[in-house]
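Trainee: I would like the entire structure built from these sequences, with the hints used as guidance.
Residue numbers (our numbering), protein chains in the order written: chain A, 11 to 302; chain B, 53 to 270.
Derived from the structure by calculation, the hints contain no laboratory data.
Please note: incorrect hints may appear among the correct ones.
For lysine to aspartate or glutamate, the following EDC-like pairs were computed, each having C-alpha atoms within a straight-line distance of at most 16 Å [stated by the list, open to error]:
#1 K167(B) / E182(B)
#2 K140(B) / E193(B)
#3 K111(A) / E122(A)
#4 K167(B) / E156(B)
#5 K140(B) / E209(A)
#6 K252(B) / D270(B)
#7 K145(B) / E210(A)
#8 K140(B) / E214(B)
#9 K140(B) / E212(A)
#10 K140(B) / E210(A)
#11 K123(B) / D221(A)
#12 K123(B) / E212(A)
#13 K145(B) / E183(B)
#14 K103(A) / E74(A)
#15 K181(B) / E193(B)
#16 K268(B) / D71(B)
#17 K103(A) / E134(A)
#18 K168(B) / E182(B)
#19 K258(B) / E80(B)
#20 K201(A) / E212(A)
#21 K145(B) / E209(A)
#22 K79(A) / E104(A)
#23 K13(A) / E156(B)
#24 K168(B) / E156(B)
#25 K145(B) / E212(A)
#26 K103(A) / E150(A)
#27 K148(A) / E93(A)
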Amino acid sequence: MGKLLYFIRQALLNISQNKLIHLISLGTISIAILILGVFLLLLVNVEGWIKNWGGSITMSVYLEDNLPKRQIAVIRQALSSREGVEIQRFISKEEALIELKSALGPQSELVEGLTRNPLPASFEIAIREPKTDPASIKRELEGIPGVVEVQYSEAWIKRFRGVMRLVRVGGMMLGGLLCLGVLFIVTNTIKLTIYSRKEEIEIMKLVGATDWFVKIPFLIEGFIQGATGGLLALVSLFVFYLIMASNKGIFLSFTLLEVVFVPHFYMTAIVGLSSFLGFLGSLMAVGRFFEV
Amino acid sequence: MIQLFHVYKSFGGTPALRDVSFRVRKGEFVFVTGPSGAGKTTLLRIMFGAEKASSGHILINGINLGRIRRKQIALLRRRIGFVFQDFKLLNNKTIFQNVALALEVTGANPSYVRKKTRQALRSLGLIKKEEAYPLQLSGGEQQRVAIARAIVKNPLILLADEPTGNLDPDLTREIMVLFRTIHMKGTTVVVATHNRELLKGTAIRKIYLEKGRVIKED
Ligand SMILES: Nc1ncnc2c1ncn2[C@@H]1O[C@H](COP(=O)(O)OP(=O)(O)OP(=O)(O)O)[C@@H](O)[C@H]1O
Ligand SMILES: [Mg+2]
Chain A
11 MGKLLYFIRQ ALLNISQNKL IHLISLGTIS IAILILGVFL LLLVNVEGWI KNWGGSITMS
71 VYLEDNLPKR QIAVIRQALS SREGVEIQRF ISKEEALIEL KSALGPQSEL VEGLTRNPLP
131 ASFEIAIREP KTDPASIKRE LEGIPGVVEV QYSEAWIKRF RGVMRLVRVG GMMLGGLLCL
191 GVLFIVTNTI KLTIYSRKEE IEIMKLVGAT DWFVKIPFLI EGFIQGATGG LLALVSLFVF
251 YLIMASNKGI FLSFTLLEVV FVPHFYMTAI VGLSSFLGFL GSLMAVGRFF EV
Chain B
53 MIQLFHVYKS FGGTPALRDV SFRVRKGEFV FVTGPSGAGK TTLLRIMFGA EKASSGHILI
113 NGINLGRIRR KQIALLRRRI GFVFQDFKLL NNKTIFQNVA LALEVTGANP SYVRKKTRQA
173 LRSLGLIKKE EAYPLQLSGG EQQRVAIARA IVKNPLILLA DEPTGNLDPD LTREIMVLFR
233 TIHMKGTTVV VATHNRELLK GTAIRKIYLE KGRVIKED
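Mentor: Structure below.
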């Protein structure tokens, strides 16, 4: 316990004796982590929006002709009991025809002449479960007896998912690069502070300090650097979020969209990652530096 | 306590020590002497694990320095006080901090460190200077700080390299009395010096080095 205090004091002393170097590297780390954070924030929000839009994926569930009312009720029951499905309305054959007529407008004569109503009855449903592939929902619903076909427009969903996948892969690569950058910065900063205390380290070893005794303060120093960099980035990210939230109209020309901050898990992950990188960087710096 | 068997040491071809063998018993007081460049510092540094012998064996307190881990060297050094010829004081630390460092690295608790450090400074007449920095002290005072740091941990062995090199005759005598006192308390003491005055008229054992060889003992 006393030792730990000694190590922490030593680490803080190192920082205060190399303020400028630490400030520069802290700034750089914060910026790198902030970029990562901004990326996460955008990703979280875009995914949220997609989820909401997902609610407006509507499907039409077409039914067989001449189903008895009882079976329609069974189908309604089957649909509404499925999680993520919300029945918006039932369109009977007659209603479908009326809608078609009004949609055709002046050309409605085209259907006037029909002796038989060719349109099927249908349920219009909304899908509240965007994670699941709509195609599989379609297949599932088509399995209900009495259902002929399920239709939805899927072109834009596919495109959007593809884009998101690309964005996520790109984000990972960018994140990896940024992490390497942070590692590099921390390693070099710690090397510099080690260098500035070279003489002291030599003497400490001559009077009987073990390698670890000399190394631990530097590890703490790197950890502190990573942790403060991460916290600073998180605070800046929050400021960025506030600006974005208050200007969302300008940013996105959609006022409908709600902007949210990254969830707790990501906040912890950002600071955790940064602290870990700080620790790892100093571990690398300290590695082969102690041959006295 | 200290045993050397056929120790050779060369720095990139030029030999500094050649076939040096001797032993120092527990509680003994020994001078190592010889002209400048004879290899005195090298010899002491080898006993301290700060330099590796090119060949031969060194046993310190039963531990073979040739086959020892780094961690064990650290632990050994806590039991050996070393007064460096060039002092090796840290100029950005106070006298107190310089001396305390030798205890801090052992992980001793702060109150113990404070007590022992004050005690060592007092015994060397440095207590008034504890807040001063090395460069504010005279050469003789710096020398005494170096000695204080070596004895603060009550070492088993004290190795002193030219410990009176910067002192006037009165102080020299005083330091020698101090070493005798430490020796009386049971510490094994090895002093390297080329100061003939120091050796005159003492019954203390002397090892003479010349060009890296032991040329005589008395
Ligand atoms: N690190 C080193 N690299 C190369 N040569 C060295 C090194 N240390 C010592 N020597 C050489 O080894 C020889 C012995 O040096 P050493 O310092 O042991 O002598 P010394 O007896 O302590 O001399 P002095 O009385 O001047 O302190 C010298 O020739 C010196 O040049
Ligand atoms: Mg010498």
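Trainee: K145(B) and E209(A): Cα distance at most 16 Å?
Mentor: 12 Å, holds
Trainee: Check the hint pairing K181(B) with E193(B) against an upper bound of 16 Å on the C-alpha distance.
Mentor: 9 Å, holds
Trainee: Are K145(B) and E212(A) close enough, with their CA atoms no more than 16 Å apart?
Mentor: OK: K145(B) and E212(A) at ~15 Å, within 16 Å.
Trainee: Take a quick look at whether K13(A) and E156(B) sit within 16 Å of each other, Cα to Cα.
Mentor: 9 Å, holds
Trainee: Holds or violated: are the alpha carbons of K103(A) and E134(A) at most 16 Å from each other?
Mentor: 13 Å, holds
Trainee: With a cut-off of 16 Å on the C-alpha distance, tell me whether K140(B) and E193(B) pass.
Mentor: 13 Å, holds
Trainee: Next pair to validate is K140(B) with E214(B); report whether the Cα-Cα distance is within 16 Å.
Mentor: The given pair, whose Cα atoms are some 13 Å apart, holds under the 16 Å limit.
Trainee: Measure nothing beyond the straight line between the CA atoms of K148(A) and E93(A); if it is 16 Å or shorter, mark the hint as holding.
Mentor: The given pair, whose Cα atoms are some 14 Å apart, holds under the 16 Å limit.
Trainee: Holds or violated: K168(B) with E182(B), Cα cutoff 16 Å?
Mentor: Given pair K168(B), E182(B) holds - Cα atoms ~13 Å apart, limit 16 Å.
Trainee: Do the alpha carbons of K140(B) and E209(A) lie within 16 Å of each other, as the hint requires?
Mentor: Holds. K140(B) to E209(A) sits at ~9 Å (cutoff 16 Å).
Trainee: Run the distance test for K167(B) versus E156(B): straight-line Cα separation, threshold 16 Å.
Mentor: 12 Å, holds
Trainee: So if I understand the rule, the pair passes when the alpha-carbon distance is 16 Å or less; does K167(B) with E182(B) pass?
Mentor: 13 Å, holds
Checked against the numbered hints listed earlier, the structure breaks hint 26 alone; every other hint is satisfied.
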